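Participant: Residue numbers (our numbering), protein chains in the order written: chain D, 1 to 151; chain W, 1 to 192.
Hints are computed from structural coordinates only; laboratory data are not their basis. Remember, it's a predicted structure, so these values are computed and weren't measured experimentally. Where hints are given, some of them may not hold.
Said to hold, decoys possible - Covered by chain D, per the in silico footprint, the following chain W stretches (three or more residues, Cβ under 8 Å):
hint: 1; stretch: 38-50
hint: 2; stretch: 160-172
What the hints assert, rightly or not - Each pair of labels, with its calculated beta carbon distance range:
hint: 3; chain 1: D; residue 1: 82; chain 2: W; residue 2: 139; range: 38 to 44 Å
hint: 4; chain 1: W; residue 1: 171; chain 2: D; residue 2: 37; range: 23 to 29 Å
hint: 5; chain 1: D; residue 1: 59; chain 2: W; residue 2: 62; range: 24 to 30 Å
hint: 6; chain 1: D; residue 1: 95; chain 2: W; residue 2: 23; range: 48 to 54 Å
As the list claims (entries may be wrong) - Residues on chain D that point at chain W, a partial pick, calculated with CB under 10 Å:
hint: 7; residue: 20
hint: 8; residue: 33
hint: 9; residue: 37
hint: 10; residue: 39
hint: 11; residue: 44
C-beta: ideal position from N, C-alpha, C; glycine also.
The residues making up each chain are set out below.
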Amino acid sequence: MTRHLSAAEISEWMVGTRSRQSEDHFHECAECRGELSRLQDTLSDFRASVREWTHEQSAAAPFPVWRVRRGYGLPRLRWALIAAATVLLAVIPVYRANRHQPKLDSSLDDAVLLEQIDEGVSRSVPAPMEPLATLVSEDSPAAGNRTQQKK
Amino acid sequence: MEPVAASGFLTAGFDNAATELDDFDSVVRLHWPVVFRFALASVRDRDAAQTLTQDCFVHAWKARAGFRGSSSVKTWIMRIAVNLVRDHARNRRLRFWRRTTREALDISVAGGRLHDGTVSAEQRVLIGEKVREVWAASGSLPERQRTVFLLRFVEDMDLLDIAAATGLREGTVKIHLFRALQSVRERLGATK
């Protein structure tokens, strides 16, 4: 194989997919070995730089206090809190409805009640019998005399 | 289906994993820097990376009973981290109207050969330039390619572990890695 490794073949080599031909050429060609070596060096520098840089960044952002045991280790308390919140949510609307209901004036209540009683007491006949009473009063002789006198 | 353990030999891996997770404080201490590094290199925002790292360990704590030891603890934790970083990237894309005033962090080139006294000042400049190009190129990669690239070339994970951490097949990991490398090399070639 006389031609040099292509860009794709070099990437494949780095990934780990190597053909027999590529391997043969790699062992023969110093230029391709140099190309691969430079790429590996660059990636190695990249790794070292990222590691050092992230280490500096983590120093700037200190290791947080691990709160798993305190924050997540109390399932019973969590359920109790959820239950309490549910009860509160159910009770609040009922409480608010009662609180905002208009309060009736008791003196007004009494007056209305007395009026109704007066109305009931002043009737000559019970309410269901009122139509009959009207008929009887119109057909009575007294009523007939009154019409004749008018004539 | 859960594998049926027939002997002590077969259950050894499960027991070791369970034992390792029993001391969760040690797990956090050991793997926190790795998760933070991966999150920071992915999202390039220190506060977001710290939140993601904390979320990762909270998820791990909650799910520790379900860990069966089919992979190493590190790979299992990295899988949680990969999922969280992916969700974060998606959420950020959805919140396009929210413009952040903070600029993405830029890498400071250091470490490795740069500490070595044998590297000349000129070489140091060239190395720094290339590292910045790789950093910029990896930042503009699609999310999956970037994840695979960082796991391979920053975390030094092998392809099988990357496949386990990302939930992808090994062949798919190779394809993503190949494409990522092609993009990075194109960028490096452009600076020559």
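Participant: Now, for every hint given, state plainly whether the structure supports it.
Facilitator: Here is how each hint holds up against the structure:
With 6 residues bearing a CB less than 8 Å from a CB of chain D, the stretch 38-50 of chain W meets the requirement of three and the coverage assertion stands. With 0 residues carrying a beta carbon less than 8 Å from a beta carbon of chain D, the stretch 160-172 of chain W misses the three-residue requirement, and the given coverage is violated. Hint check: residue 82(D) to residue 139(W), Cβ distance near 43 Å, so the stated range 38 to 44 Å holds. A beta carbon spacing of about 27 Å between residue 171(W) and residue 37(D) agrees with the range 23 to 29 Å that was offered as a hint.
About 28 Å separates the C-beta atoms of residue 59(D) and residue 62(W), a value consistent with the hinted range of 24 to 30 Å. Our hint of 48 to 54 Å for residue 95(D) and residue 23(W) holds, since their Cβ atoms are close to 50 Å apart. A cut of 10 Å between beta carbons decides the hint on residue 20(D): the least distance to chain W is about 18 Å, and the hint is violated. The interface hint given for residue 33(D) is broken, as the beta carbon of that residue sits about 16 Å from the closest beta carbon of chain W, more than 10 Å.
Look at residue 37(D): its Cβ only gets to about 13 Å from chain W, farther than 10 Å, so that hint breaks. A least Cβ separation of about 7 Å between residue 39(D) and chain W falls short of the 10 Å threshold, and the interface hint therefore holds. Nearest Cβ of chain W to the Cβ of residue 44(D): about 6 Å, under the 10 Å cut. The hint holds.
Checked against the numbered hints listed earlier, the structure breaks hints 2, 7, 8 and 9; every other hint is satisfied.
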